[in-house]
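Asker: As you go down the protein sequences, you meet chains A and B in turn. In terms of the numbering used here, the first sequence has 441 at position 124, counting the first letter as 1, and numbering is strictly consecutive. In terms of the numbering used here, the second sequence has 223 at position 219, counting the first letter as 1, and numbering is strictly consecutive.
Possibly wrong hints are sitting among the right ones.
In silico lysine-lysine, DSSO-like type, Cα no more than 27 Å apart, as pairs [said to hold, decoys possible]:
(1) A:K345 - B:K158
(2) A:K353 - B:K145
(3) A:K584 - B:K74
(4) A:K497 - B:K158
(5) B:K74 - A:K497
(6) A:K584 - B:K79
By construction, these hints were calculated from the structure, which means they are not laboratory data. It should be emphasised that the depicted structure is a prediction, and the values quoted were computed from it without experimental measurement.
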Amino acid sequence: MSIPSTAKPLPTHPQAMTGGSGFPTLLKKELLRFWKVSFQTIAAPVVTALLYLVIFAQVLQDRVQVYGMVPYTSFLIPGLMMMSMLQNAFANPSSSLIQSRITGNLVFILLPPMSHREIFAAYVGAAVVRGVVVGFCVWLVSLYFVALPMKAPLWALVFAVLSCAIMGTLGLIAGLWSEKFDQLAAFQNFLIMPATFLSGVFYSVHTLPPFWQAVSHWNPIFYTIDGFRYGFFLASDASPWHSLAVVFAVFVGLTLFALRLLASGYKLRT
Amino acid sequence: MSAVSFEHVSKIYPPRHAGWKTLFRGPSKPGLQALTDVSLKIEHGEFFGLLGPNGAGKTTLISVLAGLSKASSGKASVCGHDVTQDYQAARRSLGVVPQELVYDPFFTVRETLRIQSGYFGLRHNDDWIDEILANLGLSDKADANMRALSGGMKRRVLVAQALVHRPPVIVLDEPTAGVDVDLRRSLWEFISRLNRQGHTILLTTHYLEEAETLCGRIAMLKKGQVVALETTDTLMARFGGDLEEAFVKIMNEPAQQAQEEALA
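Chain A extracted, bound-state conformation (with noise of 0.2 Å):
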């Protein structure tokens, strides 16, 4: 049952009807939200990170030397920077999504003509300059203690954006999946953090038991600290081809799943 109308339909803003993306926003308002913040979202790893630094540093320096010749703190540096990387990587999507979660303010991304893809892309894309930004001060700060120049400065920025992309990515399926802050936390303590830690960030798979070397080859975390170190030292336990392959394939497979509960609209869209 309806009424005759008379009425024209009345245009919609023109610029809106172009079909202008909600990429380009999405994405500067994600950065925004950790930029707002920085001493929290920046200063706050960097401090952590020189921490781990100063005190492994001052216990191990003169005791360890690892591929031979890289003294200790230097071979700390990378593994330091790309623990950072991923940690903050996953925390910039996952915390973003789960206060606009819990807040109710995830119906603002939701109501507008955004595509799956341009969600993805901007969420990603935030984690990958916050991380990338967080690396890059733990860098800088720890010039203070170690000159460390990058060798390959390509290999070291291809396997620090595909790693942060990947925890990116894992901290968007995160937050999707939870519902409290009592879920992502789990996700973070039980899978991100064992995993970061155990990848060789503070050691040379190399020097350990035969057996806990093979189940590190199967942490997807220590080709990227391993890629990086990389671009250091052009040296690692594994060949930084097979790093890329594997950090790509793991990118890959990641983006897909992801691409996947966004487009389906799980547990966004009831």
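Position chain B relative to chain A; hints supplied.
Answerer: Chain B alone, transformed into the frame defined by chain A:
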């Protein structure tokens, strides 16, 4: 082409398992039937009221229209654009003011509106944003953080966010719940002006006197079914009183009888 169209829309919410159980358990019992075979059309330029008691399915119906919920069966469209097949055009044609007082605490009012504009692909929209701010009495709060606003002011920002892309169809889900008389009056003046300019308005409210004054046509939902769908005047004439009386009588009728009357 109607401004809004629902064709035989039904919605069953699946039973929910919390947390880890979602990984291991499938549905173990039937879900909640929130909407049953809802069909109605709203024409361009109408001020349409959607009424019903709590849990009647009003918000679910709006959620289906906005793409926040997926209909279990049936079709919904905005300005002829199917909300699932042609979701981008449908969402560009629709502005929704949500029921809950939600906001992003990181941003100021102006940033919030610029961001919302950007989500719709609008980069330089400050002239329109200024006009909305002025019309909603928010100009002096433009640079205030969202956290610093009162509940009424936050409600105004929600309305502003729904209007940033100048949608032809505006949905207001209980926009005056818990707001003071002044805001209510200024909000309705603004919304009525938008309606006079040609915007189609779909309003849900529990304030029946508002619906009686503003809405030209009304649908009533009860337990997910349309039990009345008529012009406001016809509805009141049929029950010989005001809208509240009609509402109470319709809600107390047996569902079957009410639905037959609505569809007659």
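Asker: Does each hint fit the structure? Answer for all of them.
Answerer: The hints, checked one at a time:
| no. | hint | result |
| --- | --- | --- |
| 1 | A:K345 - B:K158 | holds, 23 Å |
| 2 | A:K353 - B:K145 | holds, 20 Å |
| 3 | A:K584 - B:K74 | holds, 12 Å |
| 4 | A:K497 - B:K158 | holds, 25 Å |
| 5 | B:K74 - A:K497 | holds, 23 Å |
| 6 | A:K584 - B:K79 | holds, 22 Å |
Hint compliance for this structure: no hint is broken.
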